[in-house]
Amino acid sequence: RKEVEQDPGPFNVPEGATVAFNCTYSNSASQSFFWYRQDCRKEPKLLMSVYSSGNEDGRFTAQLNRASQYISLLIRDSKLSDSATYLCVVNRGSYIPTFGRGTSLIVHP
Amino acid sequence: GAVVSQHPSWVICKSGTSVKIECRSLDFQATTMFWYRQFPKQSLMLMATSNEGSKATYEQGVEKDKFLINHASLTLSTLTVTSAHPEDSSFYICSARLAGGGTATGELFFGEGSRLTVL
Chain A
1 RKEVEQDPGP FNVPEGATVA FNCTYSNSAS QSFFWYRQDC RKEPKLLMSV YSSGNEDGRF
61 TAQLNRASQY ISLLIRDSKL SDSATYLCVV NRGSYIPTFG RGTSLIVHP
Chain B
1 GAVVSQHPSW VICKSGTSVK IECRSLDFQA TTMFWYRQFP KQSLMLMATS NEGSKATYEQ
61 GVEKDKFLIN HASLTLSTLT VTSAHPEDSS FYICSARLAG GGTATGELFF GEGSRLTVL
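Residue numbers (the working numbering), protein chains in the order written: chain A, 1 to 109; chain B, 1 to 119.
Source of the hints: derived by calculation from the structure; they are not laboratory data. Wrong hints could be hidden among the right ones.
Derived DSS-like pairs (lysine-lysine); straight-line CA-CA distance at most 25 Å [stated by the list, open to error]:
1. B:K41 x A:K42
2. A:K79 x B:K41
3. A:K2 x B:K41
4. A:K42 x B:K20
Sequences and hints are given; from them, build the entire structure.
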């Protein structure tokens, strides 16, 4: 089993839709969790950290479920500019970041 | 946010030659840098963790004699792909964390990546 697993998609949604991605991790001792966004042929950039109590940043909501070992990202009111690959990152022991393969999102008019 | 500069952005080389990629933290000190490789439509695969002043820690399956990593200062880490072959063609990307506190929160700052093509 991979350390961090994501559905690669693509998720193809219309503007204004709500879309959710999940990411599962295998190491129960994982320390911290993040969502990064990567545009085509570009470097990843931090979208948001994921806190135990869940957190929201504008249209984006992140949740952590330690019992089931997954994190989620919810995007409300999707914009065309949200089209990208969303990478789940889990810090395992010694805070080594491990990336999922990413979930591709395509928002169309 | 913090800036990480990676150079070169693109490199094309002949099989058998060596290629050096530089990763610099421009406005902060980075005790730890990470080197990743990304094949098309694949995730970033961690190759090694580079610690300033000590030997890099390589992930399983990554040949340390082929991918030489040097982290001589708090602002510079280099990756040298030795005797490159076509199968080494990939997108190589470095990332860094701020030195000192913040490892628990752990935001990574990425270089722009280096696209290597070996003919």
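- Would you list, in rising numerical order, the hints stated earlier that this structure does not obey? none
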